[in-house]
Structures are given as structure tokens and as C-alpha cells.
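Please put together the full structure from these sequences, using the hints given.
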Amino acid sequence: MHTDSAYCKYIRCVILLILSITILCSCGRKREPLTRSALFFDTIIQITIYDSDLALSDKERLIDDCFALCAHYENTLSATVPESDIWNINHSTNPVPVEDDTLFLIERAIFYSELSHGLIDPTVYTAGILWDFTSEDPALPSKQALAEAVSHVDYHAIRIEKSSLPDQSTVQLADPEACMNLGFIAKGFVADQLGTLLRKAGVQSALINLGGNLLAIGSKPDGSDYLLGIQAPFSDTGEAITAIPCHDSSLVTSGNYERFFRLNGIVYHHILDSATGYPVQNDLNSVTILSSSSMQGDALSTLCYILGSDAGLALIESTEGVEALFIKQDNSVIRSSGFPCE
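My numbering numbers the first residue of the sequence shown as 277 and each following residue consecutively.
It is worth saying that the hints were derived from the structure and are not from the lab.
All C-beta atoms, glycine included, are put in the ideal place defined by N, C-alpha and C.
Where hints are given, some of them may not hold.
Claimed, not checked - Below, simulated DSBU-like cross-link-like pairs (lysine-lysine); rule was C-alpha separation at most 35 Å, straight line:
#	residue 1	residue 2
1	Lys496	Lys476
2	Lys604	Lys476
3	Lys438	Lys476
4	Lys604	Lys496
As the list claims (entries may be wrong) - Derived DEER-like restraints, expressed as beta-carbon distance ranges:
#	residue 1	residue 2	range
5	Asp443	Asn540	26 to 36 Å
6	Asp559	Phe380	49 to 59 Å
7	Glu308	Tyr554	27 to 37 Å
8	Glu390	Ser568	36 to 46 Å
9	Glu308	Thr552	18 to 28 Å
10	Arg337	Gln420	47 to 57 Å
11	Asp443	Leu473	34 to 44 Å
The following block contains the structure:
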């Protein structure tokens, strides 16, 4: 039996960046890279700034600003933080005023729901709250409870009333038994916002890691690509199954080993089938998306995992500017036509 913890997530996140950091450190002490970590969104956020022309105090201030932005979004977008926009929507039968960023994310979530014909659905959280993937003694939800929950999974219940005034648009769930979560897209959005913050401040070389959502700003200080690792599924040490060179891009992975437990030899994980409320079962362990937008990568990695390797690969090959790597349950690897090799 295996359950995840924030510490285990931290170990994996650190190891995912070891290849990049090791190479960067060889560039010389004068560059003074700064790495700091903090806990947000139930995962470890790690930010490294490498720019050699920035004073250490400026890097400290910028990372402070990044963590402040993380705290803001956690208090706005988390379904489990009382009085967040999403928490308020889930606990009210009336229209709820939301921040413009929340509205934007909800609209993007609906976009991917429409794109996937409901395979992705933010209201699957109605069933998701019945699962506990962190318990030391996990158990399956009852079939009756899941069946009841799934009857309320329908993104069409999300009602939006837009306002021309800032942060005054409202969102309501027409079904009072439904609830929503933006987990399949929110971390990617936050990574993009952190990247924008650092770029506007003039940062040209940095790595952002939101629990495995990797965003590379620029390239290494010497102008060469970062080398980013993709974790081997179910590796307790966070061992990389492969590593790819990239710059100014996002690398996002969704997999059945991120939050899961084993019961009677069966893996139960957090990516749920919106039609049944049970974990998706197919030929995959993970999907990694390489793209310019971490938010897009977040959503597509989840969708491609749900689709399975054949349909997921077809979707990626038809999507401009996006590449993918699929790790199957036998640990064989499938790359889209433009996905880089080591």
C-alpha cells in the first residue's frame, strides 16, 4: 500500500531539477543562482533564478513576490480554502462574485470540457471528494455514494454572469448538489503567472517547479538549453526515465502515480472518469506535455491521460505548438513527432 505525502512530493520535485541545477552550478560561483521552496496548493513550489546580473537581494525580493502571488491564488482558487472563490461557489446556492482571474480559469475549464465532450469536467470534484488518496488506511467509496455523486457531474451546471466591473462577474452552480475544482488547470495557470511576473522584472534565466509542473524561463546563463527530467512512474526516489533539452517552455506531467493508493493489488489514482467517478483505467502511467503555456500543458496532460495513448497522440499531432511523451504501463515510451530526444 502506498500513500503520497508533501515530503515525498518534495523529494520528487527536487530530483526533477537535479540535472538542470547540476549543469548550471558548473557555470561558476559568480552567477549566484538562488533557489527557494515553499508549500502551496498542497505541493512544494520551487523557484530558481540564475541571472548573473541580478543582486542576491533582488532575487530574494522577486521570489518573495512569487510566493505572495502563490498565496493569493491559493486563497482564491483552492476548493478547500474557506472563503476562496471556488469554496464560496461550492457552498452557496446564489450567484457568487469572483475575481477576474477566477472567471478566466472557469471559462478555460469549460472550454476543455467542451473540447473533450465532458471527459474533463471540473464538477467531477463532486465525486472526487469521496476519495481520500492520503489516508494511511484507504478505502473505496461505496458504489451507491459514487453513483449519486456522478449524477451531479455536469459542467453545464456552471452558470456565469459577466460584469463590466472588475471582479464583479458572478458564478453559480445550478445544481446545488454539485461542486467544482480547477485542479486540472490551476497550477499551470499559476506557473504562467509566475513566469510573467519574473519576465516583467527582467529575469532571463529561471526555473519554476510547481509540484512537477516545470516552466523554463529563457535558457541557462551560458545560452544552452535546460535539461529537464521526466520521472519514472512509481519511482520512490524520483528517478528520471528520460530527460529533454528545452528553453522558454513548459513541461507538465499527469500520471497515475502522483496521488494514489493500492488496494488488493489495484492502483486507485486521482484522475477520475467523469462518467463513473472511478479512476480512469487505460494503457498509460503518465503523459508529459511540452508547450509554451503551462496552463495548456496542464489541461492537455490530463485530457491525454484520460484518452489513452492512441487517441491522446492523435489529439497532440493535431494541436499546433504542442508535443507529448506517453509512458505506458509497461514503461515503454511513445513520443509525438516533434517531441525532443535526449
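Right, here's what the structure says about each hint:
With a CA separation close to 18 Å, the supplied pair lysine 496 and lysine 476 stays within the 35 Å bound. For the suggested pair lysine 604 and lysine 476, the alpha carbons sit about 39 Å apart, so the restraint of at most 35 Å is broken. Restraint check for lysine 438 and lysine 476: satisfied, since their Cα atoms lie roughly 29 Å apart, inside the 35 Å limit. This hinted pair checks out: lysine 604 and lysine 496 have alpha carbons roughly 31 Å apart, not beyond 35 Å.
Under the hint 26 to 36 Å, the C-beta atoms of aspartate 443 and asparagine 540, about 48 Å apart, miss the expected range. Taken as a hint, the range 49 to 59 Å is violated for the pair aspartate 559 and phenylalanine 380, whose Cβ atoms sit roughly 34 Å apart. The hinted window of 27 to 37 Å between glutamate 308 and tyrosine 554 is violated, with their beta carbons roughly 50 Å apart. Under the hint 36 to 46 Å, the C-beta atoms of glutamate 390 and serine 568, about 22 Å apart, miss the expected range.
Between glutamate 308 and threonine 552, the C-beta spacing of about 52 Å breaks the proposed range 18 to 28 Å. The beta-carbon spacing between arginine 337 and glutamine 420, approximately 54 Å, falls within the hinted interval of 47 to 57 Å. A hinted range of 34 to 44 Å is violated for the C-beta pair aspartate 443 and leucine 473, which are about 19 Å apart.
Consistency note: the structure conflicts with the earlier hints numbered 2, 5, 6, 7, 8, 9, 11.
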